[in-house]
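Under my numbering, the first residue of the sequence shown is numbered 1, with each subsequent residue one higher.
Hint data in this document are derived by calculation from the structure and do not stem from the laboratory. Take these hints with a grain of salt, some might be off.
[What the hints assert, rightly or not] Quick list of the computed label-pair ranges, beta carbon to beta carbon:
#1 D107 - E158: 29 to 37 Å
#2 K91 - T186: 39 to 47 Å
#3 N161 - D59: 21 to 29 Å
#4 R57 - E179: 35 to 43 Å
#5 A40 - R113: 23 to 31 Å
#6 N36 - D156: 35 to 43 Å
#7 D83 - D142: 31 to 39 Å
#8 K91 - R113: 28 to 36 Å
[What the hints assert, rightly or not] Below, in silico cross-link-like pairs of lysine to any residue (SDA-like), each with a Cα-Cα straight-line distance of 25 Å or less:
#9 K37 - K91
#10 K58 - R99
#11 K90 - R69
#12 K37 - N144
#13 K86 - L171
#14 K118 - T76
#15 K58 - D18
#16 K118 - N34
#17 K37 - K118
#18 K58 - H45
#19 K169 - E150
#20 K91 - K169
#21 K118 - L171
#22 K58 - G105
#23 K91 - K58
#24 K37 - Y140
We treat Cβ as the ideally placed atom computed from N, Cα and C, and that holds for glycine.
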Amino acid sequence: MSTKTAFIVVDMVHDFVDPTGRVFYSVSLKLIPNINKALAIARKHNHLVIFIQHRYRKDKFDKNLENMRPCCIEGTGGEEITDLLKIDYKKDYIVQKRRYSSFFGTDLDLILRENNIKNIVLVGAKTNNCIHATVIDGYYLDYNVYVIRECVGTSDEETNNIYLRDIHKYLGKVISLDEFSELINTGTL
């Protein structure tokens, strides 16, 4: 891996993206074109790509599910990453998680450190839950955290903007898709 930046796609799974999903968020489906643009830019520059897959065990207790509608249950298909995003199974990593943070209880930090990653760029859903939790943990683990504004979302624009302002003020940088492209093309990321 010749770059110091990882591109991380969070929770773009069928239960969130597909209109027939158990917890469909229409905003997640609307993010796909911009995520694909950003993904193409990251791949063009040989950045590490990691897909985060929210996944709960079938027929096993999980305290986290007590507070939410059951979703992303293994074996249902709802936990699978949407086919609208292309995974390069030879290069990309898939990290499974059971909590909001992509770091908590996973090997994401190990993968990043093994690849000498300093910067993480996050896209996906939802800004106020999994993106925010991942940003916080990434910040605490001393990564430079970037979030692409047009590639994240939540149930309403006001909530999305509140969390993006919080991230930008305290935890990382919220950038546009054009800024991401420029930072990549200039070698900053």
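Hint check results:
{"no.": "1", "hint": "D107 - E158: 29 to 37 Å", "result": "holds (35 Å)"}
{"no.": "2", "hint": "K91 - T186: 39 to 47 Å", "result": "violated (23 Å)"}
{"no.": "3", "hint": "N161 - D59: 21 to 29 Å", "result": "violated (39 Å)"}
{"no.": "4", "hint": "R57 - E179: 35 to 43 Å", "result": "holds (39 Å)"}
{"no.": "5", "hint": "A40 - R113: 23 to 31 Å", "result": "holds (26 Å)"}
{"no.": "6", "hint": "N36 - D156: 35 to 43 Å", "result": "violated (24 Å)"}
{"no.": "7", "hint": "D83 - D142: 31 to 39 Å", "result": "holds (35 Å)"}
{"no.": "8", "hint": "K91 - R113: 28 to 36 Å", "result": "violated (18 Å)"}
{"no.": "9", "hint": "K37 - K91", "result": "holds (18 Å)"}
{"no.": "10", "hint": "K58 - R99", "result": "holds (15 Å)"}
{"no.": "11", "hint": "K90 - R69", "result": "violated (34 Å)"}
{"no.": "12", "hint": "K37 - N144", "result": "holds (22 Å)"}
{"no.": "13", "hint": "K86 - L171", "result": "violated (29 Å)"}
{"no.": "14", "hint": "K118 - T76", "result": "violated (35 Å)"}
{"no.": "15", "hint": "K58 - D18", "result": "holds (20 Å)"}
{"no.": "16", "hint": "K118 - N34", "result": "holds (24 Å)"}
{"no.": "17", "hint": "K37 - K118", "result": "holds (22 Å)"}
{"no.": "18", "hint": "K58 - H45", "result": "violated (38 Å)"}
{"no.": "19", "hint": "K169 - E150", "result": "holds (18 Å)"}
{"no.": "20", "hint": "K91 - K169", "result": "violated (33 Å)"}
{"no.": "21", "hint": "K118 - L171", "result": "holds (15 Å)"}
{"no.": "22", "hint": "K58 - G105", "result": "holds (18 Å)"}
{"no.": "23", "hint": "K91 - K58", "result": "violated (28 Å)"}
{"no.": "24", "hint": "K37 - Y140", "result": "violated (29 Å)"}
In summary, the structure is inconsistent with hints 2, 3, 6, 8, 11, 13, 14, 18, 20, 23 and 24 from the numbered list given earlier, while agreeing with the others.
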